[in-house]
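J.: Residue-level listing of the chains:
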Amino acid sequence: MNSFAPLVSVVQYVLMFIVLGAAIVTVSIGNLFRAAIFLAFTLLGVAGLYFFLHADFIAAMQILIYVGAIMTLVIFAVMLTGKMQDPLVAQSNRQKIPAFIILCGVSAFLIPTILKAPWRTLATPHATTAANLGRALMGEFVFPFEIVSLVLLVALIGAIATARSDE
Amino acid sequence: MMSINHFLIFTTLLFLIGLYGALSRRNMIGILMSIEIMLNAVNLNFIFFSRFLDVPAETAQVFAIFVIVLAAATAAVGLAIVLQIYRNQKTIYTDEIDLLKW
Amino acid sequence: MVDILKIALIPGLPLISFVVLTFFGRKLKRKSAWVAISASIGSCALSFCQILPVTSGATTHITFPWLVINQVPIEFGALIDPLAAMMLFVVTFVGSLIVIYSTGYMHDDPRFPKFFAYLSLFLFSMLGLVISPTLVQIYLFWELVGLSSYFLIGFWFEKYSAAQAGRKAFITNRIGDIGFFLGIMTFFYATKTVRFVDINPALAHTYAGSFAVGVASLLLFCGAIGKSAQFPLHVWLPDAMEGPTPVSALIHAATMVAAGIYLVARLFPLFQVFPDASQVVAIIGTITAFGAAFFALTQWDIKKVLAYSTISQLGFMVTALGVGGFSAGTFHLMTHAFFKALLFLGAGSVIHGSSVQDMREMGGLKKEMPVTFWTFVVATFAIAGFPPLAGFWSKDEILLAAFEHHHLVIFWTLALTTMMTSFYMFRLLFLTFFGAKRNKHHAHESPVSMTAPLIVLAFGSAVIGLPGSPLMHHWFQGFLSSGHHEEIHMNGFVVSISVASAAIGLALATWFYLIQPGLSKKLAEKNWLLYSASQHKLWFDEFYDATAIRAFKTSSKKLLDFDAAVVDGAVNQTGIQTVNMSRIKNWIDRYIVDGFVNFTGWFVSTVSGIGRLIQTGFIHNYLLFVLLGLLIILYAAL
Amino acid sequence: MDQLFVNLKHSILIFAGNFLPEWAVILISILISVTAIAVFGPVTMMYLTLLERKFVGRIQNRFGPNRVGKWGLLQPLADGVKMLTKEDIVPKGADHFAHFLAPVAIVIPALLVFAVVPFGRNMVAVDLSIGILFFLALSSTTTIWIFVAAWASRNKFSLLGGLRSVAQMVSYEIPMVLSVVPVLMVVGSFSTVAIVEAQSGWNWFVLTPWGLIGFVLFFLTGVAEVNRTPFDLPEGESEIVAGFHTEYSGMKFALFYMAEFMNSFTISAIVSTVYLGGWQGPWLPGWLWLLIKSYALILVMMWFRGTLPRFRVDQLMGFAWKFLLPLALLNIFAAGVWLAFARPVNYLLSAIIVALALFILYFANRPDMPKKRVYRYAVE
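Protein chains in written order, with the working numbering: chain A, 4 to 170; chain B, 609 to 710; chain C, 114 to 751; chain D, 14 to 393.
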């Protein structure tokens with residue numbers, strides 16, 4: 004299958020560029036609804052990258068949770084605050100350019116750091132299965148798992164309590 | 609086999625794009641979306657390290673799952689707050705919500 | 114303790130009634146009469162409980178310390194000796210009857226409960242006065258009595274004349290009361306006591322030569338002049354007839370006006386050692402008795418006649434006390450209380466039944482008001498002094514006292530006055546009940562609540578003289594003068610003079626008003642000066658008005674002008690200058706003191722205004738600066 | 014016969030391997046699978062429309078289409094031509110980009126899920142280790158595109174339909190996922206192939222107590238997921254015209270239709286795979302068995318449509334949250350019990366648990382059940 008690798012690489016790079024492009028559109032487009040659609044593309048692209056990184060379960064979770072649930076919520080919110088989506092109103096504030104400059108500065112620091120760092124990569128990349136993941140969740144990480152489920156429950160109740168209209 | 613540097617630069621850029629969105633968006637929903645992008649960039653790094661670095665694969669993926677779950681919680685509570693603010697203030701532009709400013 | 118409570122409740126019950134009626138009168142409405150009636154009857158019953166031991170010689174004297182002045186304690190409490198017992202009997206008994214009578218007389222009045230409240234207040238004050246053991250306490254209740262009298266005279270204050278009359282009574286009384294008050298102070302200054310038990314012949318002899326005590330006794334008599342409407346302060350009493358008739362009966366005939374006599378009787382030992390003072394008392398009494406009888410001859414208002422008659426009779430009592438007839442005066446006080454109350458209540462019944470007050474519009478009421486008529490007849494014979502009715506016995510004693518103490522001028526004047534009394538009383542009787550009816554109003558007999566007290570009082574008027582008569586061996590006089598015994602001998606001459614003058618009065622009245630009705634008019638025209646002198650009461654009111662009142666008013670006006678110009682001027686100038694000063698201070702305060710404060714505030718807010726530009730309130734800015742800081746740290750660390 | 018299509022593909026690949034490099038052969042292999050699915054999906058959809066019209070027609074005592082071709086067999090082609098030549102209308106004020114994107118994007122997950130359907134022995138495009146999860150995740154993305162379509166149309170009815178659709182699909186997704194969990198517990202893998210393998214020799218999961226309940230749950234929620242009667246509130250004609258695709262015409266409408274029918278088929282196929290033994294069956298080839306089972310389920314769906322009235326919105330939500338969800342949770346428990354005990358006992362115990370659950374839920378939900386209809390206003 005080694006000869007198949009370049010093909011995979013090409014697809015991966017394409018996906019990466021799609022994700023970057025969609026993300027840029029997401030943060031810069033004036034129409035928030037379209038931004039949400041492009042966010043969906045970004046998330047789907049990230050899910051695709053998970054597949055290529057042999058994290059199938061995470062990829063499925065990404066689609067199920069991010070695309071299926073969070074995106075639905077976001078679009079719901081966009082629709083419920085529909086009056087705020089007037090195209091005539093500026094969607095970005097006045098610190099666009101300073102922000103861009105500062106972020107350029109940050110990247111100018113981070114990218115050389117990444118390039119200079121001595122990464123000790125594995126000879127053979129390893130992957131795991133959903134079964135192993137389940138064992139880890141129920142064994143080693145059972146406490147964080149329980150806490151996260153509690154947090155989720157609290158968030159659920161909190162969201163309902165916050166969003167309900169006053170009688 | 610893609611370059612480790614390329615992938616890390618990709619995730620960095622993705623993160624910074626999200627950060628840029630969080631800095632420049634006026635709309636609270638837009639900010640939330642930008643934050644989701646940043647979280648995704650972080651998650652990609654987790655998964656990438658789980659595959660190519662000398663760490664147990666499960667650990668990184670478990671953390672990625674936690675991040676996703678917490679992102680879901682953030683989105684739920686955050687959007688509920690947005691709706692409530694919209695109901696009370698009739699705006700979701702952060703620079704117009706200045707109730708606590710003297 | 115129970116005894117104290119029993120005594121305290123004698124004036125206490127009316128007080129309770131007063132408080133209850135003041136606060137709950139509006140709710141009780143008609144039922145408020147029952148509160149007052151039960152209170153007065155209750156205190157009457159309690160009084161009898163106290164009187165009975167007194168008749169057997171026991172005197173109750175309870176005191177509590179109240180004030181201490183110059184180591185001399187001034188007390189309050191109760192003194193029930195024979196004199197007080199007699200007064201208690203009169204006040205509670207007649208008072209109860211009049212309260213009952215009032216329920217009928219005041220039946221349609223809108224302020225029904227208030228009337229009974231005032232009546233209860235009066236009873237409380239009067240009973241308190243009667244049982245007072247000291248001069249100070251008696252003065253206190255004296256004023257309370259005056260106050261309740263003022264309330265009751267002015268009860269129909271919607272009527273201008275009633276309000277005026279109330280005021281007149283109050284002010285005239287004040288003049289006497291000032292004398293009374295000065296008298297108390299002088300007496301206290303001189304003798305270091307105000308207790309009645311100390312005012313006895315022994316004490317009197319100790320201070321026999323003291324000028325201060327003499328003056329004090331005269332000043333104290335001033336109070337009696339005011340309260341008992343003696344000359345020259347008699348002018349208020351006829352005007353007080355503006356009040357409701359039961360009030361006239363109770364206060365201005367039976368009880369309150371008798372307070373002056375009571376006071377003089379209390380001070381009797383004092384007057385005995387000062388012949389000049391008692392001479393003054395006797396003379397004033399005689400002038401009052403004669404003058405008032407003279408005025409009464411020509412009055413047309415039924416109540417005015419009775420009012421002057423009252424003054425006249427009070428004059429008799431004062432004269433008796435002045436000439437040394439202690440028991441005679443007090444005896445007449447008691448009998449007078451009965452028949453005068455009866456006369457007033459009868460007059461009230463007439464007014465109630467016929468709705469008029471002027472005798473010229475009455476006449477022929479004999480058939481329409483039989484009960485009133487017959488009781489009135491009894492009272493008239495009693496006051497005129499026909500035996501064996503009450504008035505005869507007491508009046509006879511007064512004449513006897515004057516005769517025995519060799520005051521012959523006084524004796525003959527009183528005899529003349531007796532004849533006049535008989536004349537005007539029968540004139541009243543004939544004009545009211547006999548002859549033809551002179552108005553178109555249909556008169557009617559009064560209700561039982563009014564006639565029942567009339568009958569009781571008529572019975573009383575008939576028999577109350579007996580205890581003082583020779584038939585009962587002058588028991589009453591013996592009972593009263595337990596301290597200073599006096600011998601009483603029936604004198605045939607005096608008795609015949611008394612009866613004869615009364616009979617002459619009756620005959621004249623019959624001649625003038627029954628047999629020759631036009632004669633009185635002719636006589637009046639012939640002697641117009643005398644007639645109008647009587648009619649206008651010797652122009653006393655006009656005289657007072659022209660002299661005392663006008664002068665007083667003028668000086669008051671002058672004083673007012675002075676007050677407005679000088680005193681107020683000074684005050685106002687002070688005010689104006691203060692305001693000016695304050696303006697200056699205000700300016701200083703506003704521009705200098707406040708200036709500092711405001712400048713401080715302005716300075717701080719301006720500087721912070723510059724400083725707060727950093728605090729934009731936008732979360733984005735903060736995040737941006739956080740990143741900027743991160744960037745600086747990163748490059749610095751590099 | 015069983016391996017007909019597999020062998021066909023193999024021979025093509027061997028043939029190509031003679032003169033092409035290895036990566037090209039792999040590419041061809043992928044292309045063959047993709048082409049097969051890309052052809053099979055739309056054709057299935059086309060003939061499903063015809064089948065539905067014929068079948069519902071029979072239920073309603075009429076013939077259905079029978080003019081174009083023998084028995085109307087060419088009707089779908091005629092419809093396709095008609096759709097392609099129809100005018101494409103975009104409402105004024107609509108979001109053009111989103112309006113175009115939604116119908117195109119909605120077909121993608123519908124086609125992608127074919128990749129994990131095992132049509133027969135060795136007849137699966139990609140044997141993913143997370144096969145079932147893949148199917149569930151992709152089918153959940155459909156909501157977004159329905160939502161986008163509703164929003165982009167700038168139409169009140171569309172928006173209402175979209176909102177209903179999202180609410181419905183989010184609600185039914187939960188019992189759907191939970192109803193698959195017992196199977197995953199028993200099999201120990203997400204892979205669809207492994208699931209089918211586990212049911213060999215008549216060990217169909219539908220024949221266990223929990224399996225029966227799971228099958229019914231999965232099928233009902235699946236019907237709800239594809240918005241078919243009686244769960245077709247998002248496009249209820251009598252209430253909100255045509256729901257989210259009111260403003261769509263021509264080929265874009267056809268794409269929505271295609272996605273819906275392909276989803277109906279994949280749902281049926283996956284239900285067959287998970288509970289009805291997939292391609293397992295005697296005598297006949299595996300792929301034929303799967304098609305028979307799938308079409309049987311599709312005919313049940315059409316039978317529903319011909320028979321049942323539509324739910325009310327509150328009834329719909331109540332049914333999902335108050336009945337299906339607790340039942341699915343109790344069903345997981347029943348499956349756990351079934352796994353924990355030996356053969357004869359576990360059937361009995363899980364049957365008791367399931368029966369109790371059904372009983373309790375039935376009585377707990379009694380107050381919310383649809384009453385006998387009373388036409389109050391019609392009478393008065």
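Calculated from the structure, these hints are not laboratory results. Ideal Cβ placement from N, Cα and C applies to all residues, glycine included. Errors might be hidden in some of the hints.
[Said to hold, decoys possible] Covered stretches of chain D, going by a simulated chain A footprint (3 or more residues, C-beta under 8 Å):
(1) 73-80
(2) 108-122
(3) 135-149
[Claimed, not checked] Distance windows between CB atoms, simulated:
(4) C:Ala-749 / B:Glu-704: 56 to 64 Å
(5) D:Ile-305 / A:Val-157: 30 to 38 Å
(6) A:Gly-137 / D:Ile-121: 25 to 33 Å
(7) A:Leu-159 / D:Phe-376: 41 to 49 Å
(8) D:Ile-121 / A:Glu-143: 48 to 56 Å
(9) A:Leu-159 / D:Arg-325: 21 to 29 Å
(10) C:Tyr-735 / A:Leu-159: 25 to 33 Å
J.: Can you confirm whether chain A covers the segment 73-80 of chain D, using C-beta to C-beta distances below 8 Å and requiring at least three such residues?
T.: violated (count 0)
J.: Within 56 to 64 Å or not, the Cβ separation of C:Ala-749 and B:Glu-704?
T.: 36 Å, violated
J.: Taking the Cβ atom of C:Tyr-735 and the Cβ atom of A:Leu-159, is their distance within the range 25 to 33 Å?
T.: About 30 Å separates the Cβ atoms of C:Tyr-735 and A:Leu-159, which means 25 to 33 Å holds.
J.: Is 21 to 29 Å a correct range for the gap between the Cβ atoms of A:Leu-159 and D:Arg-325?
T.: Holds - the Cβ-Cβ distance for A:Leu-159 and D:Arg-325, about 26 Å, lies within 21 to 29 Å.
J.: Lying within 25 to 33 Å: is that true of the beta-carbon distance A:Gly-137 to D:Ile-121?
T.: At 29 Å between Cβs, range holds.
J.: Taking a Cβ-Cβ distance under 8 Å as contact, does the segment 108-122 of chain D have three or more residues in contact with chain A?
T.: Held - the segment 108-122 of chain D has 4 residues with a Cβ nearer than 8 Å to chain A, which meets the minimum of three.
J.: Does 48 to 56 Å hold as the CB distance between D:Ile-121 and A:Glu-143, or does it fail?
T.: 38 Å, violated
J.: Can you tell me whether the CB distance of D:Ile-305 to A:Val-157 sits inside 30 to 38 Å?
T.: 49 Å, violated
J.: Given a hint of 41 to 49 Å, does the C-beta separation of A:Leu-159 and D:Phe-376 actually sit inside it?
T.: Given range 41 to 49 Å: violated, Cβ gap about 28 Å.
J.: Taking beta carbons only, do three or more residues of the segment 135-149 of chain D come closer than 8 Å to chain A?
T.: holds (count 6)
Consistency note: the structure conflicts with the earlier hints numbered 1, 4, 5, 7, 8.
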